[in-house]
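Now for the letters of each chain:
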Amino acid sequence: MRKLAIRGLGVTYRRDAEEITALTGVDLDLEDGERLAIIGESGSGKSTLARAICGLLPAGTQIVGSIDWPSLRRAPVNGRDVGYVFQDPSASLDPVMTIGKQIAEVARTHRGATWQQSFALAEELAGRVRLPDPASILKAFPHQLSGGQKQRIAIAAAIAGKPGLLIADEATSALDTIVQAEIMALVKQLVAEDGMSLLFISHDIALASQIADRIAVFRDGRLIEVGPAESLLTAPRTPYTRLLLDAHLGLDTTKPWHSGGGAASARAGPP
Amino acid sequence: MIAVHRFLRSPEGLAGAGLLLIFAILALSAPFFFPRDPLSIAGPALIGPFQDWSLPLGTDRLGRDVLAGILHGARTSLTVGIAAAAAAIAFGAIVGTLAGFAGGLMDEALMRITEAFQTVPGFLLALAFVSVVGPSLAAVVIAIALAAWTGPARVARAEVLSIRERDYVASARVAGMHPLAIAFREVLPNALPPVLALSSVIVAQAILIEAALSFLGLGDPNRVTWGGMIAEGRAVLRSAPYLSIFPGIALVLTVLGVYLAGEATVEASAVRKGIA
Amino acid sequence: MSRHLLSVTDLAKRFSRGGHTLAALEGVSLSIDRGETLALVGPSGSGKSTLGRAILRLLQPDAGSISFEGRDLLTLRGRELRKTRSRLQMVFQDPHAAFNPRATVARVIGDPLRIHGVVSRRDRSSAIAALLERVGLSPKLQSRSIHEISGGQRQRVAIARAIATKPSLIVLDEAVSALDVSIRRDILTLLADLQRRENIGYLFISHDLGAVRAVAHRVAIMDAGKIVETGRAEDVIAAPQSATGKALVAAAPRLLHYAPTEEAR
Chain A
113 MRKLAIRGLG VTYRRDAEEI TALTGVDLDL EDGERLAIIG ESGSGKSTLA
163 RAICGLLPAG TQIVGSIDWP SLRRAPVNGR DVGYVFQDPS ASLDPVMTIG
213 KQIAEVARTH RGATWQQSFA LAEELAGRVR LPDPASILKA FPHQLSGGQK
263 QRIAIAAAIA GKPGLLIADE ATSALDTIVQ AEIMALVKQL VAEDGMSLLF
313 ISHDIALASQ IADRIAVFRD GRLIEVGPAE SLLTAPRTPY TRLLLDAHLG
363 LDTTKPWHSG GGAASARAGP P
Chain B
1096 MIAVHRFLRS PEGLAGAGLL LIFAILALSA PFFFPRDPLS IAGPALIGPF
1146 QDWSLPLGTD RLGRDVLAGI LHGARTSLTV GIAAAAAAIA FGAIVGTLAG
1196 FAGGLMDEAL MRITEAFQTV PGFLLALAFV SVVGPSLAAV VIAIALAAWT
1246 GPARVARAEV LSIRERDYVA SARVAGMHPL AIAFREVLPN ALPPVLALSS
1296 VIVAQAILIE AALSFLGLGD PNRVTWGGMI AEGRAVLRSA PYLSIFPGIA
1346 LVLTVLGVYL AGEATVEASA VRKGIA
Chain C
-17 MSRHLLSVTD LAKRFSRGGH TLAALEGVSL SIDRGETLAL VGPSGSGKST
33 LGRAILRLLQ PDAGSISFEG RDLLTLRGRE LRKTRSRLQM VFQDPHAAFN
83 PRATVARVIG DPLRIHGVVS RRDRSSAIAA LLERVGLSPK LQSRSIHEIS
133 GGQRQRVAIA RAIATKPSLI VLDEAVSALD VSIRRDILTL LADLQRRENI
183 GYLFISHDLG AVRAVAHRVA IMDAGKIVET GRAEDVIAAP QSATGKALVA
233 AAPRLLHYAP TEEAR
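Protein sequence lines correspond, in order, to chains A, B and C. Each residue of the first sequence is one higher than the one before, starting from 113 at the first, in the working numbering. Each residue of the second sequence is one higher than the one before, starting from 1096 at the first, in the working numbering. Each residue of the third sequence is one higher than the one before, starting from -17 at the first, in the working numbering.
Hints were generated in silico from the structure; no laboratory data involved. Positions of the beta carbon are idealized from the N, C-alpha and C atoms, including for glycine. Keep in mind that the hints are not guaranteed to be accurate.
[Said to hold, decoys possible] Reference excerpt, derived from the structure (chain C facing chain A, CB under 10 Å, subset only):
| hint | residue |
| --- | --- |
| 1 | I48 |
| 2 | E51 |
| 3 | R53 |
| 4 | L55 |
| 5 | T57 |
| 6 | L58 |
| 7 | G60 |
| 8 | G118 |
| 9 | P121 |
| 10 | E130 |
| 11 | I131 |
| 12 | R195 |
| 13 | Q223 |
| 14 | A234 |
| 15 | L237 |
[Claimed, not checked] Residues of chain A clear of chain C, computed beta-carbon distances all greater than 10 Å:
| hint | residue |
| --- | --- |
| 16 | S178 |
| 17 | R240 |
| 18 | G259 |
| 19 | T289 |
| 20 | A318 |
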């Protein structure tokens, strides 16, 4: 079954009497249980796409085209149908509410549970996102936690309403690589366990390659290439995708790409 | 530009700006319409308003033209209000910036002084200053600034405390900039907007303190002031209440205009920030 | 000791927050030579940024010594310290936060030229233009506000500001982490090129081993305020010895299914 069908989507912001086109003519589908990565650099429109799906665009934004949810007979509800994980975990958590209450509130709103059931569920979720000692961490406030812990909480809150679609919008960009790897593994596992669809939004094509079934590449508000991860990564059709792949600096690329610094000149030693 | 747009679309802003514009025009045109000294005698004493059309608002006990007094009084009120507010904000911003940026002992000392000033009611301070120095326009301006600088100082300090931790301040230090240059070139200009948001309140307050000082006879004796006119009319309040009422209305409308325009300005720029 | 461009010995710094103290740096020692890039790698909160800021005298360490160009950096005060800053520069992570929001490009690059009297006032504009060209930007950008240029351009302006006084050491604190991948590569190439031409030493602070592998000669791995491993970049990345080093290598994102093109090889 198809989860999402986006047709001819265009988004134009108004800022200070100026019109800024963030997306133009986007056609994209997402299947049930599919993991789709949206890759792009700043200004590509990738976050605008995610916000458009959740109806999070600022008032006064012009939207053309359609975003349909074929499996839903009603308008989608954030929290129940979509869970959203933002880049900055401290910005998405309420600083004066305990962690437990924030997760429980989502569960109570969208699952119709009592407070007691919701708190029990919050504890279960805290365990699922692998927070140590869930019972005591639920009584803590966001500022008492590290960045990685806060992002785990944000994920727990995002999945508390049992949404069919999880959107991770640069969810690991503010974290260091070690924590990033842990969060990636966690998202992968939760999506598999709950059979959620995943929209994974990132600037990092290597990260996307580790989690996505399909990859869509955006540039300047347009979808320029979409395809199964393996074929897009091994045989990209556009020069831009090729550029993104070549720009990846990993430990796995055959050799550092410039001759100046790096391992090559280290052998000679500094003068 | 968009902030100006928003300002012009808010009814309060338009009303406030309109009032201020009217009083500014009155103040500027005073020497043109009434080239004679407004303190000189223009006709018989105690002519009521709207009786003699060469003296539309009538005359006071000494036969001075009330309309000329109100127009010239607008000059004094606006001059004192703006000058005192400018002095208070400039001094307060400098003290607040030094305290916030230097930190440590300097901060402690400056903030204790600020608190000392705050514990004395502003009007009493102004009153005491003018009665010691003697009434003159400059003395009144300084006295009011003395009563009003603590607010801007505290706001500026709070803002500077957050700005001094920003990377661009670190970057200025790395560039080898002198600490005073950092404080006044890098930090102060960015700390100013919330301080300037206080200006309408301070201008309005300054106009009222000036009127009160003049009412008590501590204004510049060589200038017409609304406070002085109200005080003059007090003696004949029953027989000629208009002598106090007209300058009173002028005072209320000016202060109202300053408040409304100030509020609308702050709101228009705040909305702009919210969007960006 | 003094034959190194920079030697840090037994540096310590504690922060006290809410009653308990936190050791941000504990017995940290390292050295950098002229023309060498030392990468400082570690998870967030490991103390690597604190170390960078201590070397720049942006915060005062509790103990230890820093020798730079043969002089004891920690004893310098006031005027003398400001003079030394022309030799010791920094590029910040967020090119948006590192500039006064009211500044123009010309002011950002002109400040160090003016402060250290590098060129006369008359020649300043042409010196700024030359610096902009050095970092691959058009001299026409001079009059632009720092707001109006892109993130990548801003980081180039930051580099132009850093090299304006011909420093011998630049601390690059996550200097490429906030940039788009296609721009990051160009900035790293620019940095390597400047190093080759002017023999500048870099302290390259990063959590990204991929970028480190591309530019660093040596690597120091930090965790919980201590340096837990040092060595030649390729050796450490190929066979990390410390637990933190192993975790960092394991966590570096790998591009799956990818066969690089001939040019990229």
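Results for each hint:
Because the closest C-beta pair between I48/C and chain A is about 20 Å apart, greater than 10 Å, the hint is violated. This hint is violated: E51/C has a C-beta 15 Å from the nearest C-beta of chain A, more than the 10 Å allowed. Nearest Cβ of chain A to the Cβ of R53/C: about 21 Å, over the 10 Å cut. The hint is violated. Annotation: interface hint on L55/C violated; nearest CB of chain A at approximately 21 Å, more than 10 Å.
The restraint placing T57/C at the interface with chain A is violated, with a minimum CB-CB distance near 27 Å, outside the 10 Å limit. The restraint placing L58/C at the interface with chain A is violated, with a minimum CB-CB distance near 26 Å, outside the 10 Å limit. With a cut of 10 Å, the hint placing G60/C at the interface with chain A is violated, because the nearest CB-to-CB distance is about 33 Å. The beta carbon of G118/C comes no nearer than 15 Å to any beta carbon in chain A, farther than 10 Å, and the hint placing it at the interface is violated.
For the restraint placing P121/C at the interface with chain A, the shortest Cβ-Cβ distance is roughly 25 Å, beyond the 10 Å limit, so the hint is violated. For E130/C, the interface hint is violated, the least distance from its beta-carbon to any beta-carbon of chain A being 13 Å, above 10 Å. Given the 10 Å rule on beta carbons, the hint for I131/C is violated: about 13 Å separates it from the nearest Cβ of chain A. This hint holds: R195/C has a C-beta 6 Å from the nearest C-beta of chain A, less than the 10 Å allowed.
For the restraint placing Q223/C at the interface with chain A, the shortest Cβ-Cβ distance is roughly 16 Å, beyond the 10 Å limit, so the hint is violated. Checking A234/C against chain A: minimum C-beta separation of about 5 Å stays under 10 Å; hint holds. The criterion of a C-beta within 10 Å of any C-beta in chain A is met by L237/C, whose closest approach is roughly 4 Å, and the hint holds. Look at S178/A: its CB is around 30 Å from the nearest CB on chain C, clear of 10 Å, so calling it non-interface holds up.
Non-interface call for R240/A relative to chain C: holds, since the shortest CB-CB distance, roughly 22 Å, exceeds 10 Å. Not every CB of chain C is more than 10 Å from the CB of G259/A (nearest about 7 Å), against its label as outside the interface. Under the 10 Å C-beta cut-off, the non-interface status given to T289/A relative to chain C is violated; the minimum distance is some 4 Å. Listed as outside the interface, A318/A is inconsistent with that label: its C-beta sits roughly 4 Å from the nearest C-beta of chain C, within the 10 Å cut-off.
The structure is inconsistent with the numbered hints 1, 2, 3, 4, 5, 6, 7, 8, 9, 10, 11, 13, 18, 19 and 20, although it conforms to all the rest.
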